[in-house]
Amino acid sequence: MNGKTEDKVLAELASLYERRGYMRYRPGCFEDYSLYLDNIDFLISKNVITFSGAEGRLLALRPDITLSLVSHMQCDGQTRKLFYTEKVYRRADGVGEFRDINQTGVEVVGDIDRACETEVAQLILDTLSMVSRNCMLDISHMGYTEGMMAALNIPDDQKQFVYACLRGKNVHDFIQLKNLCGLDESAVSTFAGIAEIGGDAASAILKVKQCVLNQEMAAAADELEQLIFSLSETGYKDNIAINFSIANNADYYNGLIFNGYIDGVPKRVLSGGRYDKLLQKLGKTGGAIGFALYLGELERFFKPVGNAVDVLILYDDDSMLEALKSGKHMADGGRAVRISRTVPEDIRYGKIVDMRSKSK
Amino acid sequence: MIGIALPKGRLGEKVYSMLAGAGYGCDAYESGSRKLIFSDEQGGVKYFWVKPADVAVYVERGAADVGVAGKDVLEENNPDVYELADLGMGRCRMCVAAKSDWRDDTSRTLRVATKFVNVAKRYYAKLGRDIEIIKLNGSIELAPILGMSDVIVDIVETGTTLKENDLKVFAEIFQISARLIVNKASYKFKNAQISGLTQKLISEVKK
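Going line by line, the protein sequences match chains U and G.
Here the working numbering is used: the first residue of the first sequence is 1, the next is one more, and so on.
Here the working numbering is used: the first residue of the second sequence is 1, the next is one more, and so on.
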């Protein structure tokens, strides 16, 4: 057992966010379906539960918090720092039936400067570390990848393909574009160099700078370098990596992009980034950055296969009081204890303490 | 320890030989054995024999760190994995085929028989063609012969089966070969081992 439970981690995270000056945000349970339909590519799961509202409006159970939060946000020149812990309703893994999944996250909307971006990145690492010290944060930058697209003259209709290659660190399929788009060998080796960037962030940033081809990429590389420096200074040097395979949808995201991983969990457990373009799409001004921790992916991490209780105490009429006392004593000491008259067949248990008179 | 999912069958045996040549051999390996798992504690590798179509599932869900899957399976299921190398084995093509005298009647919905539903849907969506998918699990070539479908979307290796059944290829959708795939989380937490294995395997491919 890693000793942590979902409830405990959520409580600790809420306390952490409040101590950093973030205010709790409580959204409504449902929204107009059109909000999600108009921004479907922003959602990680495209399926939404819909139903008719009292006045015939088509409503949806929220599959995501960020869209709700941003759509209701007043853009009055104030910078708002918010966090939430709410249920979202979506198909886990994109297949199967809908589930309610706990999600916690942080959003900052308003004037976003470097300090704000760094603070959010620190909060991401604090969040991941709260779940497990054995965590990794992948950092990318949309300015860098979009700059690469421009520098390599990738036509608009091939951008999706190139992003797919980047997501898979797939250089062999990117080579197909050589003939299709008239790319030369140097374009292929630049792409290969960028796709392969990974490992420790300090040496990766040197490769990032070596692959710069234009102003947009240079500005992004500079931003990444400063962020890596700041995060390394706060003790997270070994938990960060630069990885351009995590590019998000360029229609919504700009700037920094984050994906978080926990050792022992096969998929990313956290994602986030700078999404000023979503604000613009919703007719709002200013910048926005945030992240979400997906508790659904962590279910088995918090509840690994193991014993339901550490100790099973068996009692009879004569030993009932003694069993209750021992059970309380052990539970107070941090062990999970169940008292029972007989050995239950439906649970796993560690040690048996038999207090029944016939066993004495 | 790196967990490697191998596709059962000839391709898997070839991939294993390549990995053994790269220094990832296993004393417990026996060709043709029915054992599903064999490992080499000292070499730090554990192999699993998996149905070829399931390799990507095992890798995406982290049951295996690394696997070898055909491009056909990857295009059909679009798993969230890294695709680090083209192993150049098991080469074939994903094609549209039909009876050799077939001519497309664009005024009618095209009936497409296939095992690769997503590949077919994506291909015809790109062409703006209205289709009806007929999902089959095998002997796809039979569908146009019996008039159940107009065309098939299927893997073509040598083209002999098509020829023997008076069918021919009308379009190639993409080329297929075996790819080395890696779980995204494993790539972070076992980076040195997985990068080492990838580099050695790429060297083997180039030999």
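Keep in mind the hints are simulated off the structure, nothing from the lab.
Fair warning: there could be bad hints in the mix.
What the hints assert, rightly or not - The list that follows gives simulated cross-link-like pairs (lysine-lysine, DSBU-like), each with its CA atoms no further than 30 Å apart: (1) Lys284/U with Lys209/U; (2) Lys115/G with Lys46/U; (3) Lys46/U with Lys46/G; (4) Lys267/U with Lys51/G; (5) Lys328/U with Lys351/U.
Hint-by-hint comparison with the structure:
no., hint, result
1, Lys284/U with Lys209/U, "violated, 34 Å"
2, Lys115/G with Lys46/U, "holds, 24 Å"
3, Lys46/U with Lys46/G, "violated, 36 Å"
4, Lys267/U with Lys51/G, "holds, 22 Å"
5, Lys328/U with Lys351/U, "holds, 16 Å"
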